[in-house]
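Trainee: Next come the chains, spelled out residue by residue.
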Amino acid sequence: MAVRSLDAFARMSIGRAFSSGVGLVAGGFLVLLVLVALLAPWIAPFDYAAQNLMNANAAPAWPHLLGTDEFGRDVLSRVIHGARTSLSVSATAIAISMTAGMALGAAAGYFGGFFERAVMTVVDLTWSFPDILIALIFVAIIGPGLTSTTFAIAIAYLAQFTRLTRAQIVRLKRETFIEATINLGAKPTHILLRHLMPNAIAPVIVVGMLAIGDGIVLEATLGFFGLGAQPPTPSWGAMMSSGTAQLFLSPWVIIFPGVAVAVTVIAVNLFGDELIRALDIRDRLRGA
Amino acid sequence: MILRYTFFRMLMLIPVSFSISVVIFMIVYLLPGDPIDNLLRVGSSPEDRAKLVAQYGLDRNLVVQYFVWIGNMFQGEFGQAIVLRRPVADLVAQNLPYSLTLGGLAFLFSSTVGMTLGTISAIVRHPVLDRMMRAFILLGSTVPGFWLALLLILLFSVKLGWFPVSGAGGWQSLVLPVLTIGFGGVALVARVTRVALMDARREDFVTLLHAKGLSSGTILFRHLMPHALLPVVTILALRIGWILGGAVTVEFVFGRPGLGSLLIRALGQRDYPVVQACLLMLALAVMLGTLIGDIAQAAMDPRVREKKS
Numbered sequence: 001m002a003v004r005s006l007d008a009f010a011r012m013s014i015g016r017a018f019s020s021g022v023g024l025v026a027g028g029f030l031v032l033l034v035l036v037a038l039l040a041p042w043i044a045p046f047d048y049a050a051q052n053l054m055n056a057n058a059a060p061a062w063p064h065l066l067g068t069d070e071f072g073r074d075v076l077s078r079v080i081h082g083a084r085t086s087l088s089v090s091a092t093a094i095a096i097s098m099t100a101g102m103a104l105g106a107a108a109g110y111f112g113g114f115f116e117r118a119v120m121t122v123v124d125l126t127w128s129f130p131d132i133l134i135a136l137i138f139v140a141i142i143g144p145g146l147t148s149t150t151f152a153i154a155i156a157y158l159a160q161f162t163r164l165t166r167a168q169i170v171r172l173k174r175e176t177f178i179e180a181t182i183n184l185g186a187k188p189t190h191i192l193l194r195h196l197m198p199n200a201i202a203p204v205i206v207v208g209m210l211a212i213g214d215g216i217v218l219e220a221t222l223g224f225f226g227l228g229a230q231p232p233t234p235s236w237g238a239m240m241s242s243g244t245a246q247l248f249l250s251p252w253v254i255i256f257p258g259v260a261v262a263v264t265v266i267a268v269n270l271f272g273d274e275l276i277r278a279l280d281i282r283d284r285l286r287g288a
Numbered sequence: 001m002i003l004r005y006t007f008f009r010m011l012m013l014i015p016v017s018f019s020i021s022v023v024i025f026m027i028v029y030l031l032p033g034d035p036i037d038n039l040l041r042v043g044s045s046p047e048d049r050a051k052l053v054a055q056y057g058l059d060r061n062l063v064v065q066y067f068v069w070i071g072n073m074f075q076g077e078f079g080q081a082i083v084l085r086r087p088v089a090d091l092v093a094q095n096l097p098y099s100l101t102l103g104g105l106a107f108l109f110s111s112t113v114g115m116t117l118g119t120i121s122a123i124v125r126h127p128v129l130d131r132m133m134r135a136f137i138l139l140g141s142t143v144p145g146f147w148l149a150l151l152l153i154l155l156f157s158v159k160l161g162w163f164p165v166s167g168a169g170g171w172q173s174l175v176l177p178v179l180t181i182g183f184g185g186v187a188l189v190a191r192v193t194r195v196a197l198m199d200a201r202r203e204d205f206v207t208l209l210h211a212k213g214l215s216s217g218t219i220l221f222r223h224l225m226p227h228a229l230l231p232v233v234t235i236l237a238l239r240i241g242w243i244l245g246g247a248v249t250v251e252f253v254f255g256r257p258g259l260g261s262l263l264i265r266a267l268g269q270r271d272y273p274v275v276q277a278c279l280l281m282l283a284l285a286v287m288l289g290t291l292i293g294d295i296a297q298a299a300m301d302p303r304v305r306e307k308k309s
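So the protein sequences, as listed, match chains G and L. The first sequence begins at 1 in this note's numbering and counts up one residue at a time. The second sequence begins at 1 in this note's numbering and counts up one residue at a time.
Cβ-Cβ distance ranges computed for the label pairs, FRET-style:
1. Asn183/G / Thr218/L: 47 to 57 angstroms
2. His210/L / Lys173/G: 34 to 44 angstroms
3. Arg202/L / Glu179/G: 26 to 36 angstroms
4. Phe221/L / Gly112/G: 41 to 51 angstroms
5. Glu77/L / Arg277/G: 51 to 61 angstroms
6. His210/L / Gly15/G: 36 to 46 angstroms
7. Pro87/L / Thr121/G: 27 to 37 angstroms
8. Arg174/G / Phe221/L: 34 to 44 angstroms
9. Ala49/G / Ser45/L: 38 to 48 angstroms
According to the in silico footprint, chain G covers these stretches of chain L (three or more CB under 8 angstroms from chain G):
10. 135 to 145
11. 247 to 260
12. 275 to 286
These are computed hints drawn from the structure, not numbers from a lab. From the three backbone atoms N, C-alpha and C, an ideal C-beta is built for every residue, glycine too.
The whole structure should be built from the sequences, with the hints applied where relevant.
Mentor: This is the structure we're talking about:
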């Protein structure tokens, strides 16, 4: 299958995912969110780091629509800037995880043998562990911060992409057109890159899209433990972490970043479901 | 046949637990920071330091350290907590019951409520109920656990004053943590049960049973349930590990003692032996969960036995 037709196919499917009511709302929200994250410095009504101790823990009211935190910083501005941190960390992490997972899974599925068994043993091992535990261990090893959070998320979801890609490749390898290509004497790299991967990639991309949602939750959780973004960098998780001390005094500091996480993840899931329907790959996701 | 399967399945645990224990042992040596530094008094000499290092056996070859360590683990001898200065076994023994109680109750809650909700939503085909169910499942699988915990504290402890904010005294302190962990579990179990039942009722044998004139109740409980239970049991068993993982966050938020909060605290203090013991216990629980799930699956489905043994 030529790459160009895959591209057209993907564009058509994304269009179809947007065409349903749910898909339009969820997808529209995500597009808006990405825009907000990109334009954060221009959209945010206040400087996210500007402190005003005279106006600390103020309830939501004009001009601080979502209230202020313990340092009198504007919660709305911090949520807007937090979108930047949360989205970029999660998206980067999943991109790394997906690339590495596709390479590992494709190699394991294609070459088989000892290599496959070795990779899959490790993958199954990490697969059975809760992602938060894997991420916690990793962050503990290389220390807190956004970089280690990114890699921790990438490692936590590596097993998922490896399993899924391998399952696709193993299934495709049995197809007649691949056998024919092998018999025609094509090189393994050619078969993998030109024939197997283009056919295997759709479910991996959809799972990647869904994983961005999980990544946001994981980033928020690590941030909540104080292991992610360090002050004063705003991230949804870190905001809630510092907010716990003021839980009784100013609950809005915790409520709004949480709402941001929840709504984003729900939108990602709804849109992902629409994509699965549009691409008609529900069956292919079950195997892994 | 099932005994044979169980035997071989348990044999497989040996290499797996060996690799896990090596990883856990090694990971701790990659952690930054040195607990010995925390122990030394200001102005200690290098000799004092060397003595402490020797006392905890940190100067020996890594392989030797591993075998000493794993040998001790088998005897339930987890060593001495470096920062907390108490036997790790004591700390684990002290915290484990809290995690087990919380995990057990959350497991029970999510399986019973989840299966009931899933069954109801599969039988009662009402569009409104259907939508509510789908919304609930979506919320349960997406809302971060710690945020839900904070919201529950705000509502039930701060506003209504029904349950304590934190701590582990009495059954009241268990309600909110169980609800928090259970929420995600209920959604997951309900979804799996619902899908499994809906798939099962499309099978030909169900049509035949209806044609034979059996009542819907009999068909549901005698024929559909056993059929649909398979994926549910598998998910439930896998969930054991996840419940323990989820408990890490929830214990932290509610300030409950437990393996999770012990682990987080030990990670912060770089207390190697405690971190190792906690991880090992959690790993053990995950492995036992998968083992139970696999055996249950094999007991119910002959095809699984044939394929794997």
